[in-house]
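Listed here are the chains, written in short residue letters.
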Amino acid sequence: MIPVLLILIPLITGLITFAFSTADSAKKIALLSAVATLVVAGWSVCCTPASALRFDIAWLPVMGSRFTLEMDGMSKMLCLLTGISFPMIFLAIFRQETKSAPAFFGWMLLSQAGLMGVFLAADALVFYFFWELALIPVYFLCSIWGGERRIAVTFKFFIYTFLGSLLMLTGIIYLSYHSPGASFAIEALTKAALSETQRNGLFWLFFIAFAIKMPIFPLHTWQPDAYEESPTAVTMVMSGIMVKMGLYAVVRWLLPVYPQSSALYSDVIIAFSVIGILYASFIAMQQNNLKRLIAYSSIAHIGLMCAALFTAQPSAYQGVMIQMFSHGINVIGLWIIADAIEKQLGTRLLSEMGGLAQKAPTLAILLVIMGLANVALPLTNSFIGEFMMFNGLFRYNMVWAGVAGISIILAAVYTLRMIQKVLYGPLNPTTETATDIPATAKWALFVLVVLVIVGGVYPQPLIDLTNDTVQALITKH
Amino acid sequence: MNAIIFSALWGVVMMFSGIVTQNKKTITGLSVLGLVLLLFINCLHAYGIWVIKLDTLGALHFDSIGLFFNAIAIFATLLYVVLSGKDIENTGVHAAEYYALLFFVLTGVSILTAFNGLLMLFLGIEIMTIPLYILTGADKRNLKSNEASLKYFLMGSFSTGIMLMGIALIYGATGKFGIAGGISLAPSTGLAVRPSFLEVGGMILLFVSMCFKVSAAPFHFWTPDVYDGAPAVFTSFMATIVKSAGFFAFIKLFDAHTAVLGDSWNILVPFVILITLLIGNITAVFQQSVKRMLAYSSIAQAGFMLFALYGNNDLSKEGILLYAFSYSLATIGIFAVLIKLKDYSLDGFNGLATEYPLLAFSTAICLLSLAGIPLTGGFFAKYYMLSAAIKAGGIFWLVIVAVLLAAVSVYYYFRVIQAMYFKSGAPSFNQPITKAFQFTLFGVAVMIILLGLFPNLLLNFFYF
Amino acid sequence: MPINYYIFFCLTLFSIGIVGVLTRRNAIIIFMCIELMLNAVNLLLVAFSKMHHAAAVAAAPDTTVGGDGQIFVFFIMVVAAAEVSVGLAIIVMMYRNIHSVDINFLNRLKN
Amino acid sequence: MSHLVFLVPLFPLLGFLINGLGRNQLSKSSIGTIGTGAVLLSFLVSVRLFMQVLNGGGGVDTLFYLFQTTDLSVPFAFQVDALSALFLLIITGIGTLIHLYSTAYMHEESAPHFARYFAYLNLFIFSMLLLVLGSGFVIMFIGWEGVGLCSYLLIGYWFKNNEYNYAARKAFVMNRIGDLGFLLAIFWIISKLGTTEYAQVFAGVNKLSASDITAITLLLFVGAMGKSAQIPLYTWLPDAMAGPTPVSALIHAATMVTAGIYMIARTNLLYTMAPFAQCVVAITGLATALFAATIALRQNDIKKVLAYSTVSQLGYMFLGLGVGAYTGAVFHVMTHAFFKALLFLGAGSVIHAMHHEQDIRKMGGLSKRLPHTHLTFLLGCLAIAGIPPLSGFFSKDEILAAAFQASPIYYILGLAGALMTAFYMFRLYTLTFLGEARFHEDDHHPVHESPWQMTVPLWILGILSVVGGWIGFPEWILPNAHRLESLLAPIFAGSTTLATEHAHLTHSQEWMMTGGATIAIILAIVLAIRSSLRAKVDTEAATGLAGILENKWYVDEIYDNAIVKPLQSFADLLKNVIEKSGIDGLVNGVGKLVHYGSRQIRLVQSGQVGNYLLIMVLSMVVFFIIWFNDTSLMKLLHNIF
Amino acid sequence: MSIIQILFYLLSGLAVFAALMVLLSKNPVHSVLWLIVVFFAISGHYILLNAQFLAIVNLIVYAGAIMVLFLFVIMLMNLNAATEPNQHIWMKLAGVIAGGCFLVMLVSLASQAGDMANKTVLMKEGNIGLIKELGKILFNEFVIPFELTSVLFLSAMVGAVVLGKKDNTQ
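Residue numbers (numbering that gives the first Met the number 0), protein chains in the order written: chain A, 0 to 476; chain B, 0 to 463; chain C, 0 to 110; chain D, 0 to 640; chain E, 0 to 169.
Hints listed in this document are in silico derivations from the structure and should not be mistaken for laboratory results. Some hints here could point you the wrong way.
[What the hints assert, rightly or not] Among the chain E residues that face chain D by a calculated CB cut under 8 Å, a handful are: (1) 89; (2) 92; (3) 93; (4) 97; (5) 101; (6) 109; (7) 113.
Every residue gets a Cβ at the ideal spot worked out from N, C-alpha and C, and that includes glycine.
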C-alpha cells in the first residue's frame with residue numbers, strides 16, 4: 000500500500016492544488032502534502048512488513064504489463080530523498096512571490112508523483128510511463144516560470160530527453176518480446192533470451208536514454224542551459240532528484256538485465272564518464288555564472304557515479320547508493336543558496352558579487368558548508384560515497400581512478416573560487432545592500448546541513464538500507 | 000449492413016431536410032440524431048440484431064473488428080458534428096447537403112469495413128471519395144478551396160485509374176475479384192507456387208493506389224494542398240475518419256496478400272514507411288500555418304500507421320483500431336479549436352491558455368496525444384504500432400528511425416503548446432466560444448487520457 | 000487471339016493516358032486522358048473475362064465464368080459517369096473563379 | 000585501557016560548537032575562556048593518557064563504525080600509543096598556550112569574529128587530534144583534510160582582503176594535490192589488503208610486493224609533501240602567513256605541517272621496506288631544507304623568514320625520515336614545535352607591538368622596549384640555530400648524524416643548511432631587536448610590551464625550547480639517556496629489525512663533528528650579527544642573486560606560467576570552443592539540419608499537379624524495379640542495416 | 000490471317016492513333032472528337048469479343064453522354080481555340096519518359112508472366128457478353144453493389160447541385 004500512497008498523495012493534492020485560487024492556500028496545501036509524503040516515505044524506511052512494500056494489480060493484460068510497484072532498499076532511499084527534498088524546496092521558496100502559484104505548486108507535486116513512480120516501478124512499461132510523466136510537469140514549470148531563454152532551452156531539454164526515452168521504449172518493447180511470457184516484469188526481462196548482438200544493441204538503447212538523463216558527457220549540453228533558465232525550485236528537483244533517475248535506472252534496469260554487455264562496455268562508459276568528470280570540472284573552473292558553475296559541478300559528480308556503477312565493485316555500488324542520496328541533499332542546498340543570492344542581488348555573475356559574508360553571515364556559513372560538502376570533505380556526507388566510489392574505481396582500474404582523482408583537486412579549485420567570489424573580498428555596489436537569507440530558507444538549509452553532517456559521520460543507516468540492492472547487484476554479476 | 004443502409008437512408012433524409020426547414024440548428028440536430036441512431040444500430044449489428052437482413056451473396060463480410068471500427072468511425076463523426084456542427088452550418092449555404100454527403104461518406108466507410116472483394120473495395124472507396132471532392136470545394140468563392148478540390152479530384156481520379164488497372168491485372172491472373180490472395184501450395188511438392196507476375200503487378204498497382212488514399216509517401220502530394228485548401232471543418236473530417244477508414248481497408252486488403260509480393264513486400268513497405276515518416280515529420284517542422292502543419296503531421300501519422308500494415312499480425316489489427324480512435328479524437332479536437340480561430344498560423348494560438356484555460360488544456364492534451372506522450376491515447380497507439388513492427392521483426396532499424404522522427408514531431412506539436420501557454424496574445428475567434436463547446440472538448444481530452452491509462456477499455460469491446 | 004495481344008494493347012492505351020495526364024495543362028484534357036485510362040482497363044477486363052470464359056467453357060458449355068469481369072466494367076462505367084459529373088462541376092466552378100482551366104495556375108497551395 | 004581517549008577530541012569539538020553557534024551571544028572573555036579551556040582540558044586528559052602509555056598502557060579504542068560494507072569496514076577508532084600520545088601532548092600543550100596567547104592578540108576583533116576565530120582554532124585542534132589519534136588511514140585522512148580546511152579558513156580569516164583569500168585557496172588546493180596521493184595510497188592498500196587499520200596493514204605487509212610498497216609509500220609521500228610543504232608543493236606555506244600570527248605558530252609551524260612527518264613515522268615499516276621511496280624522501284627533504292634556507296636568507300618580512308625557516312626545518316625532518324632516523328625526526332618535530340611556536344609568537348608579539356608592521360627593515364632596537372619578547376626570541380633563535388645544550392641542537396644533531404651514516408654528502412649539505420639557518424635567524428634577530436630603531440613612533444600608539452596572556456606563553460615555550468631536548472641525550476654524551484628513543488622504540492621496532500646496519504660512528508668522531516659544527520654555527524651567527532648591524536638597510540629591491548632570492552627563485556611565477564595559466568586557457572578552450580561550438584554546436588546543428596531539411600523538402604511540394612503526378616508515376620516505376628530486383632536489394636539493405 | 004485478326008489490328012491501330020491524337024491536338028474540341036474515335040474503336044473491340052451489352056453501353060454512356068458533356072463544357076468555356084499554352088518542354092519530356100518507363104515495366108511484367116503465354120481470348124463466341132446473361136449475373140450476384148451505386152449517384156447529384164448552383168445568399 001505504501002508505494003501507492005507515495006504516488007497518490009502528491010498526485011491528488013497536485014491536481015487539487017490547481018483548483019485553488021490564492022497563492023497562500025496553494026503553498027500551504029503543497030507543503031502539507033509534501034510533508035505527508037515524507038512521513039509515508041519515512042514509514043517505509045523504518046518499520047514495515049515486506050508485503051506493504053509491494054503493490055501489484057493487473058493493468059494491461061493484453062500486453063503482458065502489470066501495474067507493479069515494489070520497494071527495495073534503493074527505492075526506499077530515493078523515495079526518502081524525494082520525500083525530504085520537496086518540503087525543503089517548498090520551504091525555501093515559501094516566502095517568495097510566485098506568479099500563479101497554484102499552478103506552480105500543482106505542477107511541482109505532479110512531478111513529485113512522477114518521480115516517485117519512477118523509483119517504485121517494477122514493470123518496464125510502468126517505469127517508462129512514469130519516466131515520461133516526471134518530465135512533462137518539468138517542461139511546463141520551466142517554460143512558464145523560467146528565465147529569459149526558457150522556451151528554447153526547455154524545448155531542447157525536452158526533446159533531448161524525450162528522444163532518449165523513445166529509444167528506451169523501443170528497447171523495452173523489443174526486450175519484452177524476447178522475455179518469457181512476453182512480460183514487462185523485471186524478473187522476466189532478466190531472463191530474456193537474446194543473442195549477443197541483440198543484447199549489446201539493446202544495452203545501448205537503454206543506456207543512451209539513461210545517459211541523457213544523468214547526463215553523461217557528451218550528451219550533457221542540455222543541462223547547464225536548463226539549470227540556468229529554470230526556476231530554481233525546479234532546478235532543485237532536476238538536479239537533486241531527476242538526475243538520479245538515470246543512475247537509478249542503470250542500477251535497476253540495465254545492470255541486472257544486461258550483465259554481460261555492461262561488463263563488455265564498462266571500459267567505454269567509464270572512459271566517457273571520466274572524461275566528462277574532468278571536462279565538466281575544467282569548465283566549472285572558468286565559469287562566471289553561479290548557476291552554470293553548479294550545473295557543471297553536478298555533471299562532474301554524476302560522471303563519477305556513473306563510472307562507479309560500471310566497475311562491478313561492491314564498494315563502488317555502495318558508494319553510489321550513498322552518493323545518490325548525498326548529492327541530492329547537497330545540490331539542493333547549493334541551489335537554495337544560489338537562489339537566495341540571485342534573489343538578493345539580481346545577478347548570477349560571480350564577477351559582480353563579493354563580500355556577502357559581511358552582509359549575510361548565515362548565508363556565508365551555509366554556503367561554505369554546502370561548498371565543502373560539494374568538494375567531498377571528510378565528515379560531510381559525500382566523502383563516504385566518493386571514497387567508496389573511488390575505491391571501487393581504483394580496484395577496477397587504477398589509472399582511471401588516478402585520472403578521475405584529479406577532479407578532487409579541480410572540485411576544490413572551482414568550489415573555493417565560487418565561495419571566494421561570492422562571499423569574500425570587499426563589498427561592491429551590487430552587494431552593498433544585501434541582507435541575510437530568509438527565515439524559511441534558513442530552516443530548510445539547517446535541516447539539510449544536519450543531514451550533511453550526520454550523513455558524513457554516521458552513514459551506516461544508508462548503507463544498511465541499500466544493502467539488499469547492492470547484494471542483488473553483486474550476485475547478478 | 001445495418002449501418003450501410005441506414006446511413007444511406009439518413010443521407011437522403013438529410014438531403015430533403017434542407018427543403019423542409021431552413022433552420023440550420025434543426026438540421027444539425029437531425030444529423031446528430033441520425034448519427035446516434037446509426038451508432039446504435041451498428042452496435043445492434045455487433046450483437047447480431049439485423050434491422051434489414053439481406054443476403055449479400057459474399058459481396059460483404061461482416062466481422063467483429065470491422066463493426067467495431069465502424070462504430071469508432073461513427074462515434075468520431077458524432078463527436079465531430081457535435082464539436083464543429085456550427086462551423087459546418089457556416090460554410091456556404093448548403094448545410095443539409097453537406098450533412099447528406101457526410102452520411103454518404105459514412106456509407107462508404109461502412110462498406111470499406113466489410114468489403115469482401117475488389118469490387119466492393121472499389122465501390123466503397125469511390126462512394127467515400129466522391130463526396131469528399133465536393134466537400135473540399137464547398138467554399139466556392141475561396142480560390143484555395145477550388146484549387147484543392149480540383150487537385151484532389153484530378154489526382155484522385157488518376158489513382159482510381161491505377162487501382163482499376165491493378166484490379167484488372169489481378170483478375171486476369173486469378174479470374175476472381177476476391178481478396179483471399181492467389182498464393183497456393185503445389186499439390187505434389189507442398190511448396191508455395193510463385194504467383195503469376197500479372198497478379199504481382201496488379202498488387203503493386205493496388206498498393207500504390209491505396210498508398211495514395213492514405214497519403215503515404217511518395218503518393219502523398221495531394222494531402223498538404225488539399226487539407227490546407229479545403230474548408231478546415233471538412234479537413235478535420237477527411238484527415239480523421241476518412242483516412243482511418245482508408246487504412247482499415249488497406250490493412251484488410253493486404254491481410255492475405257502480403258505473401259504474393261514475397262520479399263519485395265519487405266522492401267516496399269519499409270521503404271514507403273521511411274519516406275512517409277521522413278517527409279511528414281521533417282516538412283512539418285517548417286510550417287507556420289497550423290492547418291498545414293497538421294496536414295503534414297497527418298502524413299507522419301500515416302507513416303506510423305503503416306507499421307500495422309507491415310506487421311500484419313494481431314497487434315496491428317488492435318493497434319490500428321486504437322490508433323484510429325485516438326488519432327481521430329485528438330485531430331478532431333485540435334481542428335475544432337482551429338476552425339474557430341481567425342488566424343490559422345501559430346501566432347493565432349498565442350495566449351489561448353490565459354483566456355480559455357480549459358480550452359487550452361484540452362487542446363494541449365490532444366497535441367500531446369498526437370505526439371505520443373504517455374498518459375494519452377496516442378502513446379498506446381504508437382506503442383502498438385512499434386510493437387507490431389518489432390514483433391513482425393526485420394525492421395528494427397526502421398523502428399529506431401521512427402522514434403527519432405517522433406522526437407522531431409514533438410518539436411512541431413509543442414510549438415502550438417508553446418504558443419498557447421508561454422506566449423502572450425489575444426486570440427480572436429470567428430464565433431464565440433460557448434461553455435458547451437469547451438466542456439465537450441474537455442470530454443474529448445478526458446477520453447484521450449482514459450484511453451492512455453486504460454486502453455483495455457476500448458480493446459475489451461473488441462474481445463467480447 | 001492470344002491474351003498477350005490484348006494486354007499489350009491495353010497497357011499501351013493506358014500509358015498513353017498517363018502520358019497525356021503528365022504532359023497536358025488543360026484540366027479537361029487531363030480528365031479526358033484519365034477516361035482513356037479507364038477505357039483501357041475496361042477493355043482489358045473484358046478480354047480477361049473472355050479468356051477465363053474460354054478456359055471454363057471447354058469444361059461446361061453454359062458456364063457464366065467471366066461474366067463478373069464484364070459486370071465490373073459496367074460498374075466502372077457507372078462510377079466514371081458519376082465522377083465525370085462531379086469533376087466537370089468542379090472544373091466549371093474553377094473556371095468561374097479564375098477563367099482558366101490551366102492546372103499550372105493551381106499554385107496557391109504549395110510548400 | 001582507559002576510555003578517556005574520546006574526551007581528547009571531544010572538548011575542542013564542543014568548544015567549536017559552542018563558540019560557533021553562540022558567536023552572536025557570547026562575550027569576548029567567555030569566548031576566550033571556552034576556547035582556551037577546551038584545549039586545556041584536552042591537554043590534561045592527554046597528559047593522563049601519556050602517563051598511561053609510559054606505564055605500558057595504550058591500545059585501540061573503537062567508538063563506532065564509520066561504515067561497514069561487505070568488503071570494507073572502517074571503524075571510527077582511536078589508537079593511543081607512544082607516538083600519538085607524544086603528538087597529543089605537543090598539539091594540546093602548544094595549542095593551549097597559543098589559545099591563551101590569542102585571547103590577547105586577537106583582542107581588536109569584534110565578538111562574532113573573535114568567536115569565529117576561536118571556533119576555527121578549536122576545530123583545528125579537533126581535526127589534528129583526529130589525525131594523530133586515528134587507528135587507521137581513513138581516520139587519519141579525515142583529520143588530514145580537516146586540518147587543511149581549518150588552515151584554509153584561518154588563512155582567509157580576514158576575508159575582506161582578496162590577497163589573503165587567494166593565499167587560503169592556494170593552501171587548500173596544494174594540500175588537495177597531496178591529498179589525492181594520500182587517497183590513492185589508501186585505495187592501493189585497500190585493494191591489496193582489504194583494510195585500512197594500521198595494525199592489520201602492518202601485520203599483512205608481507206602480502207605486499209615490493210613494487211606495491213614502493214608505490215604506496217611514494218603516494219603517501221605525495222600527501223606528506225602537500226601537507227608538510229616540501230618541494231614542489233611548498234609554495235603555499237609562505238603565503239599562508241596571511242593568517243593571524245598565532246595561527247601561523249600553531250598550524251603552520253608547530254602542528255599541522257608536521258602531519259606529514261607523523262604519517263611517515265607511523266608507516267615507518269613500509270618505508271623501511273622501500274629503499275627507493277626512502278631515498279626520494281631523503282633527497283626531497285634535503286633539497287627543500289637547502290632551497291628554503293637560501294630563500295630565507297633574503298626575506299624581509301618577519302613572518303616570511305620564519306615561514307621559510309619552517310619549510311627548511313621540515314626538510315630536515317624528512318631527511319631524518321629518509322635516512323631511517325625516525326626517532327630523530329619525531330624528536331625534531333617536538334623541539335621544532337617548541338622553538339618555532341616560540342619564534343612565531345615572539346614575532347606576533349613584535350607585530351602586535353608595531354601595529355601590524357611586519358617588515359624587519361622598518362624595525363630595529365626593539366630589545367629594550369620588548370624585553371620579554373626579546374629574551375624569549377633570542378632563546379628561540381639559539382635553539383633553532385642548534386647551539387648546545389638547547390633543544391634544537393639535540394634533535395638536529397641526531398638527524399645529521401644519521402645522515403652522515405647514510406651518506407657524507409647528506410651530512411655536508413645538511414650542515415650547510417644548518418649554517419644558513421643560523422645566519423638568517425640571527426639576521427632576523429639583529430634587524431629586529433638590535434641596532435637603531437628604524438621606525439617612526441606614534442605618540443598615541445607607543446611601542447609597548449605585550450600583556451601577560453602573550454608573554455606567559457612566550458616564557459613557557461622559551462623554557463621548553465631550552466630544556467625540551469634533554470629527553471634525548473645522544474649515546475655519546477650520556478649513555479642510555481635517550482628517553483624518547485626508548486619511548487618510541489615499540490613504534491619503530493619493525494623498522495629497526497629490518498634496517499641495514501651502518502657502521503656506527505665512534506664517540507670521538509661524534510665529538511669532533513659536533514664540535515666543528517657548533518663552531519661553524521657560532522661563526523655564522525657572529526657573521527650574521529655583524530653584517531646585519533653594518534648593512535645599510537634600504538627598502539629598495541635587491542639585484543643579482545640577492546634579487547632572485549628575494550623573489551624566492553621566481554618559483555611562484557614559474558608555477559603560474561607553466562601550470563596555472565595553461566590550465567586556465569585549456570579550461571577556457573573547453574568552455575568557449577569545445578562546449579559551445581563543438582558539442583552544443585553539434586546538438587544544435589542537428590536541430591538546424593532538420594530545419595534546413597524542412598525548408599528544402601517542402602520545395603518538392605511545388606503546388607503543381609503535373610509534378611506531383613510525375614513523381615507518383617516515377618515512384619511506381621521504382622516500385623517495379625524494386626520488385627524485379629528484390630533479392631539483390633534485400634541484400635543491400637541488410638548489409639547497410 | 001483471319002478476318003478477326005485483321006479487324007483486331009485495325010481497331011487497335013485506330014485506337015492507338017486516335018489516343019495519340021487526343022494528346023497531340025492543340026484544340027480541345029479536336030481532342031474530344033479523337034477521344035470519341037477511341038471509344039468507337041474500343042466498342043469495336045467489344046463487339047469482336049462478343050460483349051454486345053458493353054459495346055452498346057460504351058457508345059451510349061461514354062461516346063454519347065460523357066463526351067457530349069465534355070463538349071458542352073468546352074463550348075461553355077469557349078475553349079475551342081488552341082488557347083492552351085504549352086507545357087514546359089522538360090516537363091513534357093519527363094512525362095513521356097515516365098509514361099514510357101511505366102509501359103516498359105508493365106509490358107515486361109506481362110511478357111514474363113508465363114501463365115499468360117498460352118492463354119487465348121475467346122473471340123466472337125461465348126454468350127456471357129449478352130444482355131440476358133449479364134442481367135442474370137447483375138441481378139443475382141451483384142445486386143447489392145448495384146443498389147449501392149445509387150448512393151454514388153445521389154452524392155454526385157448533390158455534388159452537382161452544391162457546386163453548380165449559384166449561392167444567392169452570399
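Verification of the supplied hints:
no.	hint	verdict
1	89	11 Å, violated
2	92	11 Å, violated
3	93	6 Å, holds
4	97	4 Å, holds
5	101	6 Å, holds
6	109	12 Å, violated
7	113	15 Å, violated
Checked against the numbered hints given earlier, the structure breaks hints 1, 2, 6, 7 and satisfies all the rest.
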